[in-house]
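Please build the complete structure, drawing on both the sequences and the hints.
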Amino acid sequence: MRALKPSWLKGVITIKVKGHYPERFFDLCTRHEIKGWSIKKISNTECLGDINLSDLKRVRQLRRKTRYKLSFVSKKGLPFLFSQLQKMKILVLSFWVAFLIFIYLSQSIWMINIDGIPVETEKQLRQSLDEYGVKKGRLKLFIEDSSAIQQRLLADYPNLLWVGIKQDGIIYKLDVVPKRQVDEEELINREHLYAKKDGVISEMFVAKGRPLVEINDYVKKGQLLVTGELNQKDEKDEDEKDEKDEGSKELSTVEAEIYATTWYESKLNIPLVGQYQTETGNQSKKYSLQIGRFQLPFWGFWSNDFDLQQVETTLYKPSIGSWQLPIAFSVDQHREMLNTEVNRTEEEAIEVGMVQARENLLNELGASAEIINEKILHQSIENGKVNLHVYFTVKEDIVNTNAMNQGD
Amino acid sequence: MAYLRSKINQIMKFAKNLPVDMQLKLPRITMIGDIHVYIENHHGILRFTSNEIVLKVTNGLLIVKGHNLVIKMLVTEEILIEGTINAVNVDEELRNNGVGQ
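Chains as they are written, first to last, in this note's numbering: chain H, 63 to 470; chain C, 26 to 126.
Everything labelled a hint here was simulated from the structure, so no lab data went into it. For glycine and all other residues, C-beta sits at the position ideal for the given N, C-alpha and C. Be a bit skeptical, because a hint or two may be false.
[Claimed, not checked] Part of the chain H face toward chain C, derived, beta carbon under 8 Å: (1) Arg86; (2) Thr92; (3) Lys97; (4) Trp99; (5) Ile101; (6) Lys103; (7) Met173; (8) Asp177; (9) Pro180.
[Claimed, not checked] Some chain C residues judged to face chain H by a derived CB distance under 8 Å, without partners named: (10) Phe73; (11) Thr74; (12) His92; (13) Ile96; (14) Lys97; (15) Val100.
Structural data, given as structure tokens:
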């Protein structure tokens with residue numbers, strides 16, 4: 063069976079044929095491979111029938127050879143719809159504009175809510191958000207990732223502990239948790255200072271309190287260094303009595319920095335062949351539209367994948383209200399990577415290892431620590447690796463700052 | 026071209042698996058209840074009113090009678106007739122010369 067209906071997409075014209083035996087005109091048409099549908103006889107001399115718009119020209123040519131009269135009753139289909147739409151250009155245009163406005167209105171930010179901080183900081187925060195590009199009326203597509211903005215905010219405002227960003231439709235919500243400044247209170251409450259580690263004391267600054275040790279004393283972990291009990295020695299008692307709390311029996315607050323020399327040992331393994339992955343700087347972006355599970359690439363898909371690459375995908379999912387559109391826009395950034403191998407000599411390997419060891423140690427001890435001396439106790443090469451045994455002498459603050467670990 | 030066609034037709038005639046209508050160019054008539062008639066291998070419409078359709082077929086005529094007849098589809102050598110069909114007549118001429126061979 064052939065097509066039972068004329069093609070709506072190509073356009074359908076209903077024609078009326080007038081003349082004697084009008085059905086024979088349709089018969090003539092079929093002889094010239096013009097198809098006809100829904101042919102009805104209205105009267106003895108009139109016949110209605112559908113033909114495709116594409117056949118119209120040939121039908122007219124055929125009619126010229128006959129004595130039939132042809133008239134068009136109705137037109138249906140996509141081509142006519144188009145021509146009709148062209149007549150209503152303004153209407154169509156306004157529909158488009160309305161649609162675009164609707165998309166713009168629903169896809170941009172219209173409210174910025176900031177919770178959890180006082181008004182003045184909030185104003186500042188709004189201003190910096192403005193600088194980052196988070197403004198009222200800005201499309202969400204052009205706003206940076208919320209985690210990036212979060213990091214920038216935290217970097218710019220050191221007094222903020224945490225910033226949570228949530229995009230809820232047209233509302234940009236910020237939950238801010240400021241840092242509570244309780245450090246001073248903690249300091250005030252301290253009445254004794256203990257040693258955190260074993261070491262030899264090299265420097266002492268006692269602002270408040272009575273020191274129990276001296277420079278070049280060897281102290282053990284947990285040993286009492288400075289005490290708030292002032293009245294054991296009478297002459298010091300008078301000076302600091304004013305600062306003392308009346309209720310706490312003869313215990314005053316203590317403030318001191320005590321530096322001591324401490325020792326660390328570390329064992330290192332450094333391979334003689336180092337492997338790195340570096341970026342070559344070549345990169346390509348691929349844009350695609352995700353409809354459900356189906357991914358439709360529409361830009362950048364022609365560029366080849368690199369042999370070794372890192373792919374970073376950012377997804378943009380538009381939503382209207384709480385309704386998540388099934389369409390997502392994704393950008394894949396492909397960065398070319400390169401495996402590089404570095405052959406080191408023994409000295410170079412040791413150097414690399416020492417730098418690493420120093421960094422590790424200082425990371426562990428904090429910024430105030432300082433490496434005074436380092437010594438390689440033992441070194442050997444085994445299976446393409448250099449084994450090192452290093453001994454560090456470090457100057458660091460050994461006052462126990464953590465109240466929970468204070469051993470009484 | 027004509028030679029080739031006749032040659033092909035010959036081969037087709039000997040192809041025993043093909044249906045009779047293909048071999049002899051006879052009309053194939055398919056009816057669905059009394060609402061549809063589907064005719065293949067016709068050679069054109071002679072008359073068409075809402076009560077009667079007369080079709081040319083190989084060596085004769087085919088007459089479809091009924092009410093409110095409408096040609097749902099008209100393609101070269103194929104026709105689909107819709108309506109209330111009362112009778113499908115095959116003209117005498119056809120019977121003598123068509124199938125009898």
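Hint by hint, here is what the structure shows:
no.: 1; hint: Arg86; verdict: holds (7 Å)
no.: 2; hint: Thr92; verdict: holds (5 Å)
no.: 3; hint: Lys97; verdict: holds (5 Å)
no.: 4; hint: Trp99; verdict: holds (5 Å)
no.: 5; hint: Ile101; verdict: holds (4 Å)
no.: 6; hint: Lys103; verdict: holds (5 Å)
no.: 7; hint: Met173; verdict: violated (60 Å)
no.: 8; hint: Asp177; verdict: violated (69 Å)
no.: 9; hint: Pro180; verdict: violated (79 Å)
no.: 10; hint: Phe73; verdict: holds (4 Å)
no.: 11; hint: Thr74; verdict: holds (5 Å)
no.: 12; hint: His92; verdict: violated (12 Å)
no.: 13; hint: Ile96; verdict: holds (4 Å)
no.: 14; hint: Lys97; verdict: holds (6 Å)
no.: 15; hint: Val100; verdict: holds (5 Å)
The structure fails to meet hints 7, 8, 9, 12 from the earlier list, while all remaining hints are met.
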